[in-house]
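*Asks:* Here is what each chain is made of, one letter per residue.
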Amino acid sequence: MKLSASELAVLLGGKVEGDDTVWVDRPARIEDATPGSLSFLANPKYEEFVYDCDASILLVSHAFSPSRPVNPTLIRVDDVYGAMAFLAEKFEVQNLPEKGVAANAVIDPTASIGEEVTISDFVVIGPNCKIEAGVVIHPFVFIGPNCEIGKNSTLYSGVKVHFDTKIGAQVSIHSNTVIGSDGFGYVKTDGAFKKIKQLGNVVIEDDVEIGANVVIDRASLGSTVIRKGAKLDNLIQIAHNVEIGEHTAMAAQSGVAGSSKIGKDVLVGGQVGIVGHIHIKDGTQIQAQSGVTNNSKENARLYGSPALDYSKYLRSYAVFRNLPELNNQLNQLQERMQAIEKEISQLLANS
Amino acid sequence: MKLSASELAVLLGGKVEGDDTVWVDRPARIEDATPGSLSFLANPKYEEFVYDCDASILLVSHAFSPSRPVNPTLIRVDDVYGAMAFLAEKFEVQNLPEKGVAANAVIDPTASIGEEVTISDFVVIGPNCKIEAGVVIHPFVFIGPNCEIGKNSTLYSGVKVHFDTKIGAQVSIHSNTVIGSDGFGYVKTDGAFKKIKQLGNVVIEDDVEIGANVVIDRASLGSTVIRKGAKLDNLIQIAHNVEIGEHTAMAAQSGVAGSSKIGKDVLVGGQVGIVGHIHIKDGTQIQAQSGVTNNSKENARLYGSPALDYSKYLRSYAVFRNLPELNNQLNQLQERMQAIEKEISQLLANS
Amino acid sequence: MKLSASELAVLLGGKVEGDDTVWVDRPARIEDATPGSLSFLANPKYEEFVYDCDASILLVSHAFSPSRPVNPTLIRVDDVYGAMAFLAEKFEVQNLPEKGVAANAVIDPTASIGEEVTISDFVVIGPNCKIEAGVVIHPFVFIGPNCEIGKNSTLYSGVKVHFDTKIGAQVSIHSNTVIGSDGFGYVKTDGAFKKIKQLGNVVIEDDVEIGANVVIDRASLGSTVIRKGAKLDNLIQIAHNVEIGEHTAMAAQSGVAGSSKIGKDVLVGGQVGIVGHIHIKDGTQIQAQSGVTNNSKENARLYGSPALDYSKYLRSYAVFRNLPELNNQLNQLQERMQAIEKEISQLLANS
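Chains as they are written, first to last, in the working numbering: chain A, 2 to 352; chain B, 2 to 352; chain C, 2 to 352.
Chain A extracted, bound-state conformation:
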């Protein structure tokens, strides 16, 4: 694809500053853009790169005011990230396996396979599965009995989907992620753990994306549920009977313990832990590495382990950094207090 600045401006509803006849045929980061490429400035941290940038075209916000001359033609847009997201799709090179079913795939005869499906080499699909139209299954995917994969969903190489899992449409699951493994449930009797059989399943609604090496355990009873539009990064742990709300995003290496319910539009930072049996309400934001041990209110902002209100944690941590000094001040006060008490008792004795 090759686009001129004036064509791009039309596509993006933007405004050109500079030569509108230059063209680009690929996107690039502002740090390493070369002539012929399109780049962008969204995060102001990167402004220093603007002035040496060799991109032919640079997307910037209406507010951006360069402090020195700039080489590329600028296109000003309302939402730089949104515009780049839109264009990235145009520049994408598809790297899909060939359509159709690989000869060496092992598909149970009772499985139903939709139209225009891609099933790659070394795939196993169990009995009574329903694979809908347009699904793409990469190599080394295992799908256990009684699973459903909705239209146009993609399972990347090495994904394992265990029995009774229901996956919606336009879902992407990245490599080596495990869906529907047993929940971690035992009772300790006579000094040994006895397993509680995990009889439930996992339900993943439409438009969910799940990263690589994630684990989502099946429910002990009922379902572990990932609601419509939720996005999970890599190496995340979702325990049995958890529910993740619509359009909620979780960053890498976070974990949610059993039976907790995360609401809609929640943002969970990396390496966050959420204990079991609590309810994180809609709109909550949780800072990276926090440990959440209680229900949250709607739109709460949390930080710390155990987590507090975000700004409260920061204020406490500011004093924490200064604790040795505070300790010294306290010791000095005690000495001054002793001196004063002595003086007072003399004064009182003399009075």
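None of these hints come from the bench; they were simulated from the model. In this text, all values refer to a predicted model and were calculated from it rather than measured experimentally. In this text, a Cβ means the ideal position worked out from N, Cα and C, and glycines have one as well. One or more of the hints may lead you astray.
[Claimed, not checked] Far from chain B, by Cβ distances over 10 Å, these chain C residues were calculated:
(1) P67
(2) P70
(3) G135
[What the hints assert, rightly or not] Derived pair list, reagent style BS3-like, types lysine-lysine, alpha-carbon separation capped at 25 Å:
(4) C:K195 to B:K189
(5) B:K198 to C:K91
(6) B:K167 to A:K196
(7) A:K195 to B:K46
(8) B:K46 to A:K298
(9) C:K196 to A:K167
(10) C:K196 to B:K198
(11) C:K265 to B:K195
(12) C:K91 to B:K196
(13) A:K262 to C:K195
(14) C:K100 to B:K198
(15) A:K91 to A:K3
(16) B:K195 to C:K91
(17) B:K167 to B:K189
Place chains B and C on chain A using the hints.
*Replies:* Okay, now just chains B and C, sitting in the frame of chain A:
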């Protein structure tokens, strides 16, 4: 399976309250139970659901005293969790691959394969392996040279077991877990890391269960050992030469660094880190997200990073939450002290 | 391999104390060494084992001064770890799959395969890949389109390498690690996340080792880069556009968020989190479980979440442990202050 309340009461040694002729054919969670299902109340947090519950039968403790009328027939038992664990096995639907050895499995001719073994599609078993009777190996499992898998153990799809690993009987290892990868050992010489060859192995004793996407590294020398009955959740890291004691349980995303020894009956919360070369004694309990940097005493309870005694950490954290206020109080005291010192010096001057 | 104490001393440039004719044929840990084995004392924590050690030969430092009689022949060397690392290679038993290409491997006809390559069972190699001489690819490895694997590199079973990845020479990647999965990039518009296509790739330079179940995401634009000689432990998350510097080591379960740059010779402890868009300068050391939120200076030592200077954190934490006592002292001071203020006002009234 279909069971009446009176039959269940006999099976569980429980006491029926209500219609003892109703029957159930499946278990369900108290929140979404429908007629014909059996549910239970173990965690008092869920009591509110009891009064709207449509289950036909509800297991409760002897102590449970409903505050309002309840629809289901109640069966009172000594141990609600234990009873449900026992019944869950009765209701389990087996989703096993077919017995026998798949035609496309690649098994080295020097491997010994026991009776009644299930080896699924796309499995690789290396030279000199010993697979004992009743073992179930799901698709995409790799077993390297000289490994042993004990009776009735199950390796789920995508498990990788590297050379010289010894696995006991009735062990379950969930999908995409890696056993016997190299430990992380280097010496830095002339500015570059030189690898220390990892020559040891991994030994997993009987009745161990290991979650999905776990990694257990081989020992540099000797063995990394997981003792009888230990239970590891998902995404756990066990470094070289670690020993995990009997009937110890670790929650998801925890990690143990090299050569540390965890005793018996230890409980490790989620996202806990344990440094290398320490000894966590029997019965220790470690709160989620703690970072343990020292040996623990028997039955210690630990919390924090670095970890302290559990209640000590909570007491310190309670003050931490209040640090800005404490800081203000200190500042006010300093001001009052200054005022007083001034007054005293005047009094002294006047006296 | 069988070596006498005198032969070993020559090999290692060491000095024998005791019978120099004894021989060893295997290495062993000091705790469980038996006659005929070679062991070592590097970490002084293990000195107690020296006095009961049944190894035939023990490597020790020149400085080691036994407090009681010792059975094994001692060999004193300059660098005990280095010597063991050197010898471990001598004792290593190779467990390699057979050279050559397995009949069931699926290799795109446009892929170029070098000499002396090992491609095991159930491997998929995509179009336009370049696999150089001496590469070893274990079972269940997926390599997507347009990838390069440099000379003598090893991909262990279950590794997934996605399109456009470039891997250098002498690289090892352990089981079930995922290279080149999509970065976690979205824009939220009209309440739903819209994916930003991830068009970049991953570049891994020579002599890198990567543990098991790691995830390294492709760049959104440009490259995620792991520089020469870097070592990553298991279960690590490397987000899009991150750069890991030369000869840097990261311990297990650490994560680096998008676009951060980690310098050379950095040491990152286990379960560390590093936020996005920061620069960790050369030689920085980060304590386990820290959360780094700001650029570091060269050779910085960091600890805490958010991370502070290492010794500053320890000093603050020492006071934190004592906060309840500090709080009590403050309360007592306030009471003493009140008493004094009362006395002063009486004195003032009387004066």
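*Asks:* Hints numbered earlier in the text: which of these fail when held up against the supplied structure?
*Replies:* Structure breaks hints 4, 10, 17.
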